[in-house]
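Quick mapping for you: the protein sequence lines, in order, are chains A and B.
Per the numbering used here, the first sequence runs over residues -12 to 106.
Per the numbering used here, the second sequence runs over residues 19 to 129.
These aren't lab readings, by the way, just hints derived from the structure by calculation.
We put the beta carbon where it would ideally sit given N, CA and C, even for glycine.
A portion of the hints provided could be inaccurate.
Cβ-to-Cβ under 7 Å is the rule here; a few derived chain A residues that face chain B [stated by the list, open to error]:
| # | residue |
| --- | --- |
| 1 | Q28 |
| 2 | P30 |
| 3 | G59 |
| 4 | D61 |
| 5 | L78 |
| 6 | F97 |
| 7 | E99 |
| 8 | G100 |
Simulated coverage check for chain B against chain A, where a stretch passes if three residues somewhere in it have a Cβ under 8 Å from a Cβ of chain A [unchecked claim]:
| # | stretch |
| --- | --- |
| 9 | 52 to 65 |
| 10 | 114 to 122 |
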Amino acid sequence: EAGVAQSPRYKIIEKRQSVAFWCNPISGHATLYWYQQILGQGPKLLIQFQNNGVVDDSQLPKDRFSAERLKGVDSTLKIQPAKLEDSAVYLCASSFPRTSGRANTGELFFGEGSRLTVL
Amino acid sequence: DQQVKQNSPSLSVQEGRISILNCDYTNSMFDYFLWYKKYPAEGPTFLISISSIKDKNEDGRFTVFLNKSAKHLSLHIVPSQPGDSAVYFCAAGYNFNKFYFGSGTKLNVKP
């Protein structure tokens, strides 16, 4: 089974530029998450999708961050304009929803992440 | 607000001994807890989970203990192996949603 795919793996931009990250979750996973992990900290949830609907985006800085999951499969996360403090690893994760009726451990499956450096 | 805390940034253990990683949480609504392991330049990988209806879950060398009254969980690794050296994150959520992660504990298992 293919895992969560993310691209690009690394991106270096200057502040005020824009950047986009792409994520393709595991096939059949209806729930998709974007996390931001700053160096030395734990992952922080930015946005959670259930199919193509937003479940939670309370910690997404909406003045500069946007995310979409138009067809309920892959997703993009965009930052425009970027700030120095946006330097982080952006992790995408997916899982089966609890209402799927499928027995699972509730785990989130993570991709390898996209490392952003803002200069 | 930091709802999940891992107060030990690092832990060093001799190979073959027990590793105990701790995690505290503040939200009594959390009903599901996960432990993840992360190697450099890789995404976190799932280790073990526990539901709030249990106080212990075991999987091979890994055991997670949950103390709801203290809002505390711990991960025990016995025996520890050099390959276990990684950063360990605990996470907590409710209704399988909105998982909050701790800041991680870097475990070093010395041969």
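Here's how the hints hold up against the structure:
A cut of 7 Å between beta carbons decides the hint on Q28(A): the least distance to chain B is about 5 Å, and the hint holds. For P30(A), the interface hint holds, since its Cβ comes within 7 Å of a Cβ in chain B; the closest pair sits about 5 Å apart. A least Cβ separation of about 17 Å between G59(A) and chain B goes past the 7 Å threshold, and the interface hint is therefore violated. At a threshold of 7 Å, the smallest CB-CB gap from D61(A) to chain B is about 17 Å, leaving the interface hint violated.
The closest approach between the C-beta of L78(A) and any C-beta of chain B is roughly 6 Å, which is under the 7 Å cut-off, so the hint is satisfied. Of the supplied interface hints, the one on F97(A) holds, with its beta-carbon coming within about 4 Å of a beta-carbon of chain B, less than 7 Å. With its C-beta approaching chain B no nearer than about 5 Å, E99(A) sits inside the 7 Å limit, and its interface hint holds. Hint status for G100(A): holds, given a least beta-carbon distance of 5 Å to chain B, under 7 Å.
Given a C-beta distance limit of less than 8 Å, the hint that chain A covers the stretch 52 to 65 of chain B holds, as 8 residues qualify and 3 suffice. Against chain A, the stretch 114 to 122 of chain B contributes 9 residues with a C-beta closer than 8 Å to a partner C-beta. That satisfies the three-residue criterion, and the hint holds.
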